[in-house]
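Asker: Going down the list, the protein sequences come from chains A and B. All residue numbers for the first sequence refer to the working numbering, where the first residue is 84 and numbers rise by one. All residue numbers for the second sequence refer to the working numbering, where the first residue is 25 and numbers rise by one.
FYI, nobody ran anything at the bench for these hints, they're computed from the structure. A quick note: this is a predicted structure, and the numbers were derived from the prediction, not measured.
Examples of chain B residues toward chain A, derived with CB under 7 Å: (1) I114; (2) G119; (3) L129.
Every residue gets a Cβ at the ideal spot worked out from N, C-alpha and C, and that includes glycine.
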Amino acid sequence: MTRGKPVRKRLRRPRIGRTTLSLAGAALLAVPATASANVYTDIPDFNISETPVTYSSYLATSSSGVQYRWVDSPWKGNAVQTASCYSNSQYGAAYYPPGTTIYQGIGTVPNGACFNLRGWTATGQGSMSFYDGRLFR
Amino acid sequence: MSPQRLRAMFAGGGLATLAAVSVLALGGGSTPATAADRAAGDRAASLAAEAGPGAFGAGKQYVPGAAAERRAAEHAPAVPLPDGQAFDDINWNNGALSDAEIQGLLEFNAACRWWIADADRPSKDSAAVVAAIPGWPSMRGGDRHTVALAFTVGGDAKLAAAVLASCRAESKA
Numbered sequence: 084m085t086r087g088k089p090v091r092k093r094l095r096r097p098r099i100g101r102t103t104l105s106l107a108g109a110a111l112l113a114v115p116a117t118a119s120a121n122v123y124t125d126i127p128d129f130n131i132s133e134t135p136v137t138y139s140s141y142l143a144t145s146s147s148g149v150q151y152r153w154v155d156s157p158w159k160g161n162a163v164q165t166a167s168c169y170s171n172s173q174y175g176a177a178y179y180p181p182g183t184t185i186y187q188g189i190g191t192v193p194n195g196a197c198f199n200l201r202g203w204t205a206t207g208q209g210s211m212s213f214y215d216g217r218l219f220r
Numbered sequence: 025m026s027p028q029r030l031r032a033m034f035a036g037g038g039l040a041t042l043a044a045v046s047v048l049a050l051g052g053g054s055t056p057a058t059a060a061d062r063a064a065g066d067r068a069a070s071l072a073a074e075a076g077p078g079a080f081g082a083g084k085q086y087v088p089g090a091a092a093e094r095r096a097a098e099h100a101p102a103v104p105l106p107d108g109q110a111f112d113d114i115n116w117n118n119g120a121l122s123d124a125e126i127q128g129l130l131e132f133n134a135a136c137r138w139w140i141a142d143a144d145r146p147s148k149d150s151a152a153v154v155a156a157i158p159g160w161p162s163m164r165g166g167d168r169h170t171v172a173l174a175f176t177v178g179g180d181a182k183l184a185a186a187v188l189a190s191c192r193a194e195s196k197a
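Looking at chain A on its own, in the form it has when it is part of the complex:
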């Protein structure tokens, strides 16, 4: 057995590797143009009052539904809503009792649609400031 032979064997690219790469490339090309993925977005200092407040506008990156959670445990009952940037019609909304930090669905927004993230506190509760949340879209 010579010293060079095993080394040459180790360096050779396995045939299956080339095939796998080709298949992976073909699979990537076959992904439809509308393919999308969910993303998380931090919502720092979502200041809300009894009058609905728009935090900002966001693009839905999939059609699987938009969810929101408070990262800071809210001490007032509140609601968070998604509304169309185009028509102001509500896609959906959820009520968050005080202390609720779990994700809740706030609307089924079609992929590619722009929505306004709006929130407000329950009647008689006053405002709630500097609470952070997170959006799943």
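Starting from the known structure of chain A, arrange chain B on it as the hints suggest.
Answerer: Chain B in isolation, oriented as in the chain A frame:
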């Protein structure tokens, strides 16, 4: 920063937009421009030169319904629409709205209509308006800006196609 300096900065942005509009107007288009379209192009550039409306939640709130709709009617003349169209499908009853929110709704509604018009009946002037949209006050930042840029030359065509589809669906709803 002084209001005068801010205004001068936005005026500079407006000149840049006007320059872009002029360049686009020299290029090849497919549909002859109407006088209404040309006026829309001028208004689109003027809107891009306006100062920003401020934060969405700031300022006076207009109660849902007639008050919000009246305020929208005051803003509307500054926002160009394709010939023969109107802001007739905005829901003014979904909660109170600030000036910035009202302006944002009018501008996004108009933007969708221009993106559709430019896709279906492209003209030099619809292209000029579409090029000016990223500079409109409510379209200057965040996802709104990303979306508006997708429709400009060299923009993200895949994103533009997805947004256009949602605009078409909403405008028919």
